[in-house]
Structure formats: C-alpha cells, structure tokens
Amino acid sequence: MIGKSLGDRVFDVSNLIFLGIIGIVTVFPIYYVVVVSFTDPMEYLQKDIVLFPENWSFASYNYLLSSGAFVQSLGVSTFLTVVGTAISLVITSSFAYALSRKKFKGRRFILLLVLFTILFNPGIIPNYLLVKELGLINSLWSVILVSLSNGWFVILMKGFYDSLPDTLVEAATIDGCNDFTAWIKIILPLSLPSIAAFGLFFAVQYWNQYFNALIYLNDSSKWPIQVLLQNMLIDASSSSLGDVDPLLQPPPSETLKMAAVVIAIVPILMIYPFLQKHFAKGVMIGSIKE
Amino acid sequence: MKKLFSQIARDKYLYLLALPGIIYFLLFKYVPMWGITIAFKDFSPFLGYQESPWVGWEHFIRLFSGNDFLLLLRNTLAISFLNLLFFFPLPIILSILLNEVRNQFYKKTVQSIVYLPHFLSWVIIASLTFMLLSKSEGVVNQLFVFFGLEKFDFLTNSDIFWFLLTGQSIWKEAGWGTIIFLAAIAGVNTELYEAAKIDGANRFRQIWHVTLPAIRNVIIILLILRLGDVMEVGFEQVFLMYNGAVSQVAEVFDTYVYRVGIQQGQFSYSTAVGLFKSLVGLILVVVANKMAKRFGDEGIY
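For the protein sequence lines, the chains are R and U, in the order given. With the working numbering, letter number 245 in the first sequence gets 245, and the count goes up by one each step, no holes. With the working numbering, letter number 268 in the second sequence gets 558, and the count goes up by one each step, no holes.
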C-alpha cells in the first residue's frame, strides 16, 4: 500500500462499494424470484415480505410440472432452440465462409445485399404476409425460418474467416480437398471458439423467442415457453396452464409465477458459464476489422 | 462469359456452400421488401398482390393527417431520447469504474452479474418488473409499507411510464454495454498512467486526462449511431409493458403496426406506417454512419 495517497484509498473504497451496490441491484430481482419460488406457500401467505424462507418447498414446481401445457411449452422451446441453432449455424457459417473466399465471383455484390438487410427492415406486415403465403402460419418452422440468419452474424463471421490465412485452404486443396471438404476438415475445427460463441447467441435467441411466436402461432398447444409465460404472468390468464393434477393443492399464484420464471431462466443460467468465456470474443470478432 | 462459367464450374462447392444462405436472404429478407408495394395498394388477401388495386399515397395521407401520427412520433422519440440521456452514459461510467478495480476477482464477479440480464427475454424482464413493482403484491411496495410509506402505483401510471422503460433498459443492457468500452480501455498504453502519476495526477485526473480521451472516439461513434437509431424502440419491451392506463404514452410505431395490421387486418395502411418508420430509420442510420466515419477512422460498415 506504499505510495497510495489517502485520496486514492477513498476512491478505491467508494468505487468498490458503488460497484457492489450496482451488482446487488442487478442480482436482487433474480434472487428474490428464486427464493420466493422455493418458499413454503403457507409461509409466503403469512409473511409480508420473504427475503429468506424458513421452510423450503417444491410445491410450486410440482404444481407447474404437473401441467401438461407448461411441460409441452418447454418441449416446444427446446425443439426450437436445438433445431433452430443447428440450422442457423450451418447456414450462417457456410455462407460467411464462402463470402470470405476471394475467388467467389460477385461476393462484393452479395455482401452489399446482406448489409442492406441490416439497414432496412420492411416491417412487420410484409414478413407476416410472406409467412402466410408460404403456408407456415401455426407451424413451428415459421419461428425458425424468419430468424434463421441475419446480416450482422454473417458479416461478423466473415470477418473471422477473413482473419484465417489463405494459404491454409490452398495447402488443403493441394492435398486433394475441395472447397467443401476444406471447410469441414480444416476451417470448422479451427473456428470452434467462434462457432461456440455464435451457437450460444443463436440458442439464446431461440429460447427467448417471443414476438415471432406471438404473431405466427395461434394454436396454444404450439406455444413456446415465453408466450405461455406472457399469458400466465402478464395477462394473468388462469387457463394458460390447462389441466393440472387435481390432487395437488394450487399454490399462491405469486409463488407459482415465480417458479415459472425460474424454470424459464434455468437454461440461460446453465449455459451462462460457458457463454461467458466466449462472448466477449464473439462480439469483438471481425467487428474491429470490418 | 465462358470464363465465368468455367470458374463457377471449377469452384462449384464454394457456390454450393453459399447457396442456402443466398436463398434464405432472398426469400426471407428481399421478398418482404417487394411486399412493401401493398402500402400503395388496397391489398385484399382474396385478390392477392397482383390483382389488388393501386391507390397511390392514400395510406400515407391518412397517416400524416390523422391524430395518431403525432402521438406515435412523440412517444417514439421521447422513449429514445430518455434512453440517450440516462441509459447511454451508464456503460461508460460503469466501465471506467470497473477498470479502476485492482482486485481481479471482485471485478470479474461484478462483470458476470451485470452482463447476465442481457440474456434474459423481455417477457422475463416484464415479469420481474411486475413482481417487483405491482401495487398489490410487489416487493417494493411491500417494503414501502414496511417502512410506513404510501404504496405507489408504478405500472399504470402514465407519468412515469417512459422512465420505467428506461429503468428496464438500464437494468438489462447497461452491463452488457460495458464490453466495448472495456475493450477500448484495455488498449490504452499503461505508460500513460505511469507518466500521469509521476506528474502528480490523482485518480480522477488520470481518468479525466488518460482514460476518457482514449475512449473518446468510441463514445462519439456509438453516440452518433444511437442517434441514427432513434426510430427503434423495442417492440417487445413496450408491448409487454402496455396497458390501458398508459396507452397514450405507450403506443409507438411498432406496437401500432401490430395492432392495426395483425389484429385488425388493415394490411395496407399498417404496411405504410411501417414503411415510413423504416425509411426514416434508414436515412438516419446512413447519415449517422457517415458522421461516425468522419469522427473516427472507421465507421461500423
């Protein structure tokens, strides 16, 4: 601590306290929801505020998971996330890779077309009418297809591929690879960290999908978790859970809602530690160069 | 021409790799752009795109001469400018303060926490807002009662609705926004700090004379680009917080298009509204990017 002035120390301490408060304010809503969701229903009803429960309980979770509609919506979201992410990654990375190869004729023109889609969005209605014309209303494919890829990710990924040396692919070509096998065998293994970053971004996007599901899926049996949550929590529509186990005592609607929120956050919390390693890199990749 | 075909034949696998992406962008990004023509027609789903009659600027005239237009413009701009005023500076302040933390573990912990809300959906954020702030059950109001204060109605109060949205945006994105500034700060030559210290600069002076000038370009570029984006207020955020009591301050272009278009089926008129918003947005972004390029060495594209 030698050489540190009093002023410096005051600065350091108040900085730590200030950032600590920011951290607590950020984490408190999540903490509160998790804690109340595990609170014994009787205790919740008796106390004014629960900041730490005396009696823990899984009652709200049991009740929720006995609802066919809730479990089904988790299944729908899982399907959208897994299938959507896989297709998005394949299409976006192969497109970006091809665009990064200098021998690709017309790549500047195609890049301009891709760029323009970032700048200009035709709006909600033309997209809706396209999905309708394609007969995809009420099909889960509508939700996957409309957000399958986007200009940002293509351009960021292309920036990453640009940073790989050309000689790499040339050497592979001499060894008998064509562009396709070079992509599979050489480029993809090298780009695993970036694939992981973009894969996680896509996965979060599909798991959090709300707007497209809202406008394209009318059939409530096809609702992903976010739409069900919106109905249950914000519209407070009691029928959104459908049939539940009649033997279970319904917990207070508040603890039930919080349990539903926790379940919808859990997948994010599970991938978050993996995500964190990669996302700063994923965001920065290519953005410096382009 | 022959050469081009033989080149394409030679590199056929390259073009095959690009093909799904090209088809996707043409079908799902460019076909809707062509669909914009219905803003100038009286589109009827029975007649289709071709047969529906042209009506020229009729829908735009209806938009600009109606009462809704000024309301939509006011709400959209108000929400954007409040974000600019209160939300925009926060990631900068936060990243400067984070950069001053010497204890790496503490720094990483705070970072991990403040990044997290970025990954939560707006449905979750709206739900959390209701659980925290609702008048009857919300924990904040229960704390107010606990401390002997009056309950306050946060959610159906049109006076604070815009600030409520700003607060949500700050909670969700301020931490995430630090990434780009922290990266810029990390690029600062540490010798500059040493030199400043030798010259007797305290921490505030070091921040003022070394850190801030170093990230000045990034700040200006991002600010200009944000200005280019003022027509963009997130549909989901506003839509989810919308209720009858705040409708006068909560209707923005996107929510209006949804209500008039998808819910009431006025496809042509709502396409015209959306097109107006997108065109203004396009012009603003292009102008903003030009300005950003003038200030920094490179723009965003």
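By construction, these hints were calculated from the structure, which means they are not laboratory data. Just so it is clear, the structure is predicted and the values come from calculations on it, not from any experiment. Don't be surprised by glycine CBs; every beta carbon is placed ideally from N, CA and C. A hint or two may mislead.
What the hints assert, rightly or not - The following label-pair restraints were derived from C-beta to C-beta distances:
id, chain 1, residue 1, chain 2, residue 2, range
1, U, Leu294, R, Trp152, 28 to 34 Å
2, U, Leu294, R, Asp219, 46 to 52 Å
3, R, Phe79, U, Gln340, 22 to 28 Å
What the hints assert, rightly or not - Computed far set for chain R versus chain U, every beta-carbon distance over 10 Å:
id, residue
4, Leu19
5, Met42
6, Ser57
7, Gln72
8, Thr92
9, Ala96
10, Thr117
11, Lys222
Taking the hints in turn, this is what the structure says about them:
{"no.": "1", "hint": "Leu294/U to Trp152/R: 28 to 34 Å", "verdict": "30 Å, holds"}
{"no.": "2", "hint": "Leu294/U to Asp219/R: 46 to 52 Å", "verdict": "48 Å, holds"}
{"no.": "3", "hint": "Phe79/R to Gln340/U: 22 to 28 Å", "verdict": "37 Å, violated"}
{"no.": "4", "hint": "Leu19", "verdict": "5 Å, violated"}
{"no.": "5", "hint": "Met42", "verdict": "17 Å, holds"}
{"no.": "6", "hint": "Ser57", "verdict": "18 Å, holds"}
{"no.": "7", "hint": "Gln72", "verdict": "17 Å, holds"}
{"no.": "8", "hint": "Thr92", "verdict": "7 Å, violated"}
{"no.": "9", "hint": "Ala96", "verdict": "8 Å, violated"}
{"no.": "10", "hint": "Thr117", "verdict": "4 Å, violated"}
{"no.": "11", "hint": "Lys222", "verdict": "17 Å, holds"}
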